[in-house]
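Input sequences plus hints: build the corresponding full structure.
Each chain, written out:
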Amino acid sequence: MPPLITGSSPLVRIGEEDQLPDQATRRRFFELMGASTALITGAGCTRPPTEFLMPYVQPPEKTLPGVPKYYATAAVVNGLAQGVIAETHLGRPTKIEGNPRHPASLGATGVLSQASVLDLYDPDRSKVVIYREQASSWDAFISAFQQLLAPVRATHGRGLRLLTETVISPSTGAQIADVLAALPEARWHQYDPAGPHSARAGSLAAFGRYLNTYYRLDRARVILSLDSDFLACGPASTRYAHDFALRRRVRGSNTAMNRLYAVESHMTATGGKADHRAALRYSEFPQFAADLAAALGAGGAAPAGSKYAAWVGPLARDLDAHRGASAIIPGEHQSPSVHALCHALNTSLGNAGSTVAYTEPLEVRSEDQIASLRELVSDMESGAVSLLLILGGNPVYNAPADLDFAGALRRVPMSIKLGLHADETSRLTHWHLPETHFYEDWGDARAYDGTVTILQPLILPLYESHSPVEVLDLLLRAPNRTSREILRAYWRGHAASGGGAAPENDGEFESWWRKSVGDGLIAGSALPEVTPAQAKAPEVPHTDSTVRSGLELVFRPDPYIYDGRYANNAWLQELPKPISKLTWDNAVHMNPRTAARLHLENQQVVELKYGGRSVRGPVWISPGDADDTITVSLGYGRTDAGVIGNGAGFDVYCVRASDALWCVAGVEIATAGASHRLAATQTEKSMHDRPLVISKPVALYESDPDFVSRIRPEPLLDETLYPQWTYTGYNWGMAIDLTACVNCNACVIACQAENNIPVVGKAEVLSHRDMHWLRVDVYYTGNPDNPSALYAPIPCMHCEQAPCEEVCPVQATVHSSDGLNDMIYNRCVGTRYCSNNCPYKVRRFNWKLYADWYTEQLKMQKNPDVTVRSRGVMEKCTYCVQRIREAEIHSQDEDRYIRDGEIQTACQQACPTQAIRFGDMNNSANQVARLKREKLNYSMLAELNTRPHTTYLAELRNPNPALLEHS
Amino acid sequence: MPEPFHPLANTIFKLVLLGAGAGLVAVLWIAYLVARSPWEMLQQVPREQPVAFSHKHHVGGLGLDCRYCHVSVEVSSFADIPPTAICMNCHSQMWAVAPEVEPVRASYRTGRSIQWTKVYELPEYVYFDHSIHIHKGVGCTTCHGQVDDMPLTWQSPRLTMSWCLDCHRHPDRYVRPRSEVFSVTYKTPPDQSTLGKQLVREYQIRSLTSCSTCHR
Numbered sequence: 000m001p002p003l004i005t006g007s008s009p010l011v012r013i014g015e016e017d018q019l020p021d022q023a024t025r026r027r028f029f030e031l032m033g034a035s036t037a038l039i040t041g042a043g044c045t046r047p048p049t050e051f052l053m054p055y056v057q058p059p060e061k062t063l064p065g066v067p068k069y070y071a072t073a074a075v076v077n078g079l080a081q082g083v084i085a086e087t088h089l090g091r092p093t094k095i096e097g098n099p100r101h102p103a104s105l106g107a108t109g110v111l112s113q114a115s116v117l118d119l120y121d122p123d124r125s126k127v128v129i130y131r132e133q134a135s136s137w138d139a140f141i142s143a144f145q146q147l148l149a150p151v152r153a154t155h156g157r158g159l160r161l162l163t164e165t166v167i168s169p170s171t172g173a174q175i176a177d178v179l180a181a182l183p184e185a186r187w188h189q190y191d192p193a194g195p196h197s198a199r200a201g202s203l204a205a206f207g208r209y210l211n212t213y214y215r216l217d218r219a220r221v222i223l224s225l226d227s228d229f230l231a232c233g234p235a236s237t238r239y240a241h242d243f244a245l246r247r248r249v250r251g252s253n254t255a256m257n258r259l260y261a262v263e264s265h266m267t268a269t270g271g272k273a274d275h276r277a278a279l280r281y282s283e284f285p286q287f288a289a290d291l292a293a294a295l296g297a298g299g300a301a302p303a304g305s306k307y308a309a310w311v312g313p314l315a316r317d318l319d320a321h322r323g324a325s326a327i328i329p330g331e332h333q334s335p336s337v338h339a340l341c342h343a344l345n346t347s348l349g350n351a352g353s354t355v356a357y358t359e360p361l362e363v364r365s366e367d368q369i370a371s372l373r374e375l376v377s378d379m380e381s382g383a384v385s386l387l388l389i390l391g392g393n394p395v396y397n398a399p400a401d402l403d404f405a406g407a408l409r410r411v412p413m414s415i416k417l418g419l420h421a422d423e424t425s426r427l428t429h430w431h432l433p434e435t436h437f438y439e440d441w442g443d444a445r446a447y448d449g450t451v452t453i454l455q456p457l458i459l460p461l462y463e464s465h466s467p468v469e470v471l472d473l474l475l476r477a478p479n480r481t482s483r484e485i486l487r488a489y490w491r492g493h494a495a496s497g498g499g500a501a502p503e504n505d506g507e508f509e510s511w512w513r514k515s516v517g518d519g520l521i522a523g524s525a526l527p528e529v530t531p532a533q534a535k536a537p538e539v540p541h542t543d544s545t546v547r548s549g550l551e552l553v554f555r556p557d558p559y560i561y562d563g564r565y566a567n568n569a570w571l572q573e574l575p576k577p578i579s580k581l582t583w584d585n586a587v588h589m590n591p592r593t594a595a596r597l598h599l600e601n602q603q604v605v606e607l608k609y610g611g612r613s614v615r616g617p618v619w620i621s622p623g624d625a626d627d628t629i630t631v632s633l634g635y636g637r638t639d640a641g642v643i644g645n646g647a648g649f650d651v652y653c654v655r656a657s658d659a660l661w662c663v664a665g666v667e668i669a670t671a672g673a674s675h676r677l678a679a680t681q682t683e684k685s686m687h688d689r690p691l692v693i694s695k696p697v698a699l700y701e702s703d704p705d706f707v708s709r710i711r712p713e714p715l716l717d718e719t720l721y722p723q724w725t726y727t728g729y730n731w732g733m734a735i736d737l738t739a740c741v742n743c744n745a746c747v748i749a750c751q752a753e754n755n756i757p758v759v760g761k762a763e764v765l766s767h768r769d770m771h772w773l774r775v776d777v778y779y780t781g782n783p784d785n786p787s788a789l790y791a792p793i794p795c796m797h798c799e800q801a802p803c804e805e806v807c808p809v810q811a812t813v814h815s816s817d818g819l820n821d822m823i824y825n826r827c828v829g830t831r832y833c834s835n836n837c838p839y840k841v842r843r844f845n846w847k848l849y850a851d852w853y854t855e856q857l858k859m860q861k862n863p864d865v866t867v868r869s870r871g872v873m874e875k876c877t878y879c880v881q882r883i884r885e886a887e888i889h890s891q892d893e894d895r896y897i898r899d900g901e902i903q904t905a906c907q908q909a910c911p912t913q914a915i916r917f918g919d920m921n922n923s924a925n926q927v928a929r930l931k932r933e934k935l936n937y938s939m940l941a942e943l944n945t946r947p948h949t950t951y952l953a954e955l956r957n958p959n960p961a962l963l964e965h966s
Numbered sequence: 000m001p002e003p004f005h006p007l008a009n010t011i012f013k014l015v016l017l018g019a020g021a022g023l024v025a026v027l028w029i030a031y032l033v034a035r036s037p038w039e040m041l042q043q044v045p046r047e048q049p050v051a052f053s054h055k056h057h058v059g060g061l062g063l064d065c066r067y068c069h070v071s072v073e074v075s076s077f078a079d080i081p082p083t084a085i086c087m088n089c090h091s092q093m094w095a096v097a098p099e100v101e102p103v104r105a106s107y108r109t110g111r112s113i114q115w116t117k118v119y120e121l122p123e124y125v126y127f128d129h130s131i132h133i134h135k136g137v138g139c140t141t142c143h144g145q146v147d148d149m150p151l152t153w154q155s156p157r158l159t160m161s162w163c164l165d166c167h168r169h170p171d172r173y174v175r176p177r178s179e180v181f182s183v184t185y186k187t188p189p190d191q192s193t194l195g196k197q198l199v200r201e202y203q204i205r206s207l208t209s210c211s212t213c214h215r
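Chains A and B supply the protein sequences, listed in that same order. Residue 655 in numbering that gives the first Met the number 0 sits at position 656 of the first sequence, and the numbers go up by one each step. Residue 54 in numbering that gives the first Met the number 0 sits at position 55 of the second sequence, and the numbers go up by one each step.
Don't take each hint at face value.
[What the hints assert, rightly or not] Selected chain A positions facing chain B (in silico; Cβ < 10 Å):
no.	residue
1	P54
2	Y55
3	P58
4	Y209
5	G728
6	Y824
7	V828
8	D864
9	I888
10	Q891
11	D894
12	I897
[What the hints assert, rightly or not] Just so you have them, the derived chain A footprint on chain B, three or more residues with Cβ under 8 Å:
no.	region
13	130-138
14	164-171
Calculated from the structure, these hints are not laboratory results. C-beta atoms are modelled at their ideal positions from N, C-alpha and C, and glycine is treated no differently.
Here it is in C-alpha cells:
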C-alpha cells in the first residue's frame, strides 16, 4: 500500500517502529476512506456469532457460575511466601489478593505476587519433556531415569549431583535429605544469583553462625537504611512498608512520625521516601558504618577526620536517643562487613529482640553458595559428576562468568533440568522437564519470619508437568507419590517438632490440615526468635576503599525482573521502574556529574570492561546516584526466556565474577557508537514550581496546620458555569495519603490484573501509548546533586466538573448518578477529545488491538466482569466500577446499604501502606469522608475547578533539625 | 445552434437529484428497519438445541419450578444452565431409554458437557445480573415470556437497550410481588399503576439509568 501521510510530522518521528508511512495522494486518501466506510457498513450488517453454553456434567462442590471462589495459598516469590487469596472463576485463577492473616501480606500484596498469576498462564512455559532437543514424554523420561539410576544406586550415589536454588520449603528439604540419606555419596548444591549471600556471610562474621534477620518497623522510631530498598524490594517489603507507614500517619493533632535516613549508592524508592538521603559510593559503606559505630560509642561525636562527620554526628545522636526503637537495615547486596557492622550496631543499640528479630535460618541448609557452586563446577570439569539434576534455577544464564558453568555442563555425561521454562540451561542439558507452577500443585513455603503456608492448587496443571518433590521421589521409591501425598506425609511425620507442629491423631490431623490449608498458614509456625550474643564488629581498615579511585560498577537485582526469572512476564516488563520510569530495558545508571565527566549522554551505548570481560548497554542519567558509581540491574538480556523477555536489555552476568558479586571497582568505560532508545513513561521529573505533589516538614504542619489550603486554595462552589450535581444515594470518592505512598507500584499491577489492561510493548511506550490506568508520578525535589523524590499515584480523578465530559461528541463519557465519571466503550468513536481536554492525562487511548484476543492461556486470566477493550476506544480508571456494582447488588440482595470498607478498589486492596482509601463521601462517618476533612487534604490542579473526587493528603516528612542545619 | 437540453431538463435533473437523496434515505431507513426487525434480532425465533428440550412440557405440563434447574438465579448474575446431573435426577428413571434423551445420557456417561445454544445473547459489554432483578420483583416471564408455552425456547423481547431502559425508567409498570416472581401464570393486575408504585417504595427500587449500571 502506498504511504498515507506526506512529510515527516513530529508525530511520525516519535516512535521509530511506528507504522505511520510518510506519503499519500488525495486519490489514495479517498480510496481508503471509501473502502473503510463500505467495510464498516458491511461489518455492521452481520449478526453476532451464535454463542454456546457448556454446563458442568457434575458440578464441583459449592460452585455457582457467576460467583467467584476464593482460595488461600501463597505466592512464592524468589523462594519466599507471601500469603495470598486467589480469586477463581470457574476454576480459573484470575486475580491475586493478599491474605489478611498472613504476616508477609496483612491483606496487601507486592508487585511480584500480583504478577504471579500471569506467570501461571505464560504461553511460553514449557509444555513437554524434551530429550536432546526433541519432544519426549514423562514415561520415556522415567524409564530412562531408572536406567541411569541403576549404576548410581550401586555406588551409593557417587557422581550424582543435585543443583537447586535456595531451598526454603520444608517438605522439599526433607525430600532432599531423604535422597542424600539413601544415596550418601551424592552431593547437593544450591545457587541463587541474587540471594542473600552477604547477609549469610555477615551473620557468620558477627555471630559465628547463620541467622535470619527481619525487622519490626512498627516499633521503630528511627530507621537507617544502608543501601537497602526495604520498602519496595525484597520478600518482606510489603510488611515493612505497612509497618513503616503505620508510624507516619499524621491525623488531626496526632503528629508523631518515625524518621527514615537513607544512605544509598543508587537512588531507590526507599531513598526517595527518606527524610534524609545521602549518596555514597558502594565501597564507602563499611567506613560509614564504622564511623557511625565510633560516634555511637563516643556519645555522638564523629571520629576525628571522618569524611561523614556532618551526617554521622546527628545520626548517632538520633539513634542514641531511640535505643531499642531504631533499626539499621543493610542492603542485601551490600558487603558482608556492612551486614556484620549493622548487626553490631543493632545489638549495641538494644534493637535486637525489639525492632530487629533473629531466628534460625529459613533455608533448609545455609551455606556459602558461591563456594558450593564453585565446587560443583570444578567437579563437573574433572569428570566427577556423572548425573546432574538441576531442579529450578538457570545457572547457564546467571552463574558468575568466571566459573564458566556452561562449559562445565557440556562435559557432564547426563544432565536433567526441571523448570517452568525451557531456558538457557535447558538448551545445554540432555533432558528438560516441565515444572508445575506453584498455583498448580501442592507444596509448602515459608515467609520471611518462617511462617509456613500450605500451597494448594488453584487449577490442574495446564501442561504435563511435575513438581521438584515428585521428581526427587523418583530417586527414592516406586511407585511414586504425588506432591500432595509427599506433603501430607511430611507434615504427618513432623507431628512433634515444636512450633506449628501437626497433631499426631488421625482425626485431629485432618482438621488441622483443613484449617491450615483454609487459613493460608500454619498457626504458630513462625520460627521462634533467638537472642544472639553481642555481635562482633569486623575491623574496618581505616583506608578501606575510600581512597580507591576509578569507577565502581554495582550489580543489583532488578526491582521487578529480579534475577531474570520474571523476564517473560509482560506486566513486569512494562511496569515502569520506581525512579527511572524505564520499561522493557535495563540501563547503565550514573549520576549527571559522572556522565558529564565521562562526556556521556542519555541513551548513549557504552562498553563496560572489567577483568577481560565486557558488556554494552545504554546510559541512563540518574540523579541521586553516588559519584563515579555505575549501577546495572541483573536479569536482562535473556536469550531463551520467551517472546516477551528475549532481547530486552543487556546481560550483565557476563561481567559478574564469583569474587565480586555485587560491586567491582576500576571498571573501564568507553563509548560504543550508536545510541539505544530507552522507553520511559515519565520523562519530565520537575514540577516546575507548581504544587502538584505537596510535601512539607511535619514541623510546619504543627505550627500551621492550614498551610495546605494556602498553597492549594479550593475554588468556591459557585465559581462555575456548570450546574451542580446532587447525589441522593452514594457519592464515591478516593483519598490518597501521599505520606504513606512508598512507590512500590503494587497498585499499578493490581489495576492491570483487575481491569484486563493490555501491555503495549516498547515501541508503543516510546510513542507514549502506555495503557496503565493508574500511574505513579515521580518528581525530584531538593538539591539537584542529591535530590529527594516525591511520589503520587494518579488514577482518574472522577471530576465533578469533568473537562472530558464536556467535549465528548457522542456522550461516551458521562457523569453517573453516584459521582463516577463513566466511560462507555461501546459508544466511544475514538475522537480522543476527552484525553486532550483532561488536565491530569489519565485517559488512555487503545490505538491498536493491544489486548491478546487469541491466545487461549491468556484468555483464562481475564477478569470476566470487565470488558476486554478493542482498538479505537478510550479507556481509563473506573474506580473499579465492577466491584462497586457487585457490592451494590450484594447489599441490595440483603436490603442494606454498602458498609464502609466493603468496596476496595484493586489498587487500594494491593496497597501495603493503605495509602489509598475509597468509599462513599455522602456518609460523613466513612473513612474516606473523614480523610477528606483532614487539613492536609487537597485537590490536584484545584485552580482548574474540576473538583476531583480523588484528592490527596499532602506528604509530611520528619527531617532532623540538627542535620538540616548542616546541609 | 440548437439548445442541447430540453427546457424540462433542469426540472428532471432536480427531480433525479431529489429522488437519489430520498432513495438513499429510504435505503438506510429500510436497512435500519431490517436490522431492528424481530427476524434480525432473533425475537421469537425458536433455537435448535442438541436436545429438544421443551419448557412447555417441563414447566407448563409438569409444573417444575424455574429454580429446580436454574439453581443460581437468586444468588448469582448467571441463572445457570442445569448440569447434566440435574437432568439425570429424573431421567435415570423416567424416559430412561428414550432416544430423545440420549444426548443427556451420553453426556453423563462420557463426562462431556451438552453444548446448548445460547438464546438470550447480550453483547459482551453488557453486564446483566439475575439475582438483583429477582430480588427487586422482576418476574421471570417479564423478560423470558411464557416459557411454559415454548416447545423450543426462543427469545421473547427484542433485547434492545431501549427495552431495558423502559423498565429501568418505569419500574412501577413491570414490578410484581416477590411471591409471584417465579410464577408463569401471573398476569399483570388491573391496578398495576398503584400496586407498582407501592412495590417500588417497598422494595426500594431505584431507577438506575447511569451507563455504568450495565456497561463496564
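Hints, verified against the model:
1. Checking P54/A against chain B: minimum C-beta separation of about 4 Å stays under 10 Å; hint holds.
2. The interface hint given for Y55/A holds, since its Cβ lies 4 Å from the closest Cβ of chain B, which is under the 10 Å cut-off.
3. This hint holds: P58/A has a C-beta 5 Å from the nearest C-beta of chain B, less than the 10 Å allowed.
4. Because the closest C-beta pair between Y209/A and chain B is about 52 Å apart, greater than 10 Å, the hint is violated.
5. Hint status for G728/A: holds, given a least beta-carbon distance of 7 Å to chain B, under 10 Å.
6. The closest approach between the C-beta of Y824/A and any C-beta of chain B is roughly 6 Å, which is under the 10 Å cut-off, so the hint is satisfied.
7. A least Cβ separation of about 15 Å between V828/A and chain B goes past the 10 Å threshold, and the interface hint is therefore violated.
8. For D864/A, the suggested interface contact is upheld, since its CB lies about 7 Å from the closest CB of chain B, less than 10 Å.
9. Of the supplied interface hints, the one on I888/A holds, with its beta-carbon coming within about 4 Å of a beta-carbon of chain B, less than 10 Å.
10. The beta carbon of Q891/A is positioned within 10 Å of a beta carbon in chain B (closest approach about 6 Å), and the interface hint is therefore held.
11. At a threshold of 10 Å, the smallest CB-CB gap from D894/A to chain B is about 7 Å, leaving the interface hint in force.
12. Because the closest C-beta pair between I897/A and chain B is about 13 Å apart, greater than 10 Å, the hint is violated.
13. With 4 residues having a Cβ less than 8 Å from any Cβ of chain A, the region 130-138 of chain B passes the three-residue criterion, so the hint holds.
14. Restraint check on the region 164-171 of chain B versus chain A: 0 residues with Cβ-Cβ distances below 8 Å, three needed, restraint violated.
Consistency with the previously given hints fails for numbers 4, 7, 12, 14, ordered from lowest to highest.
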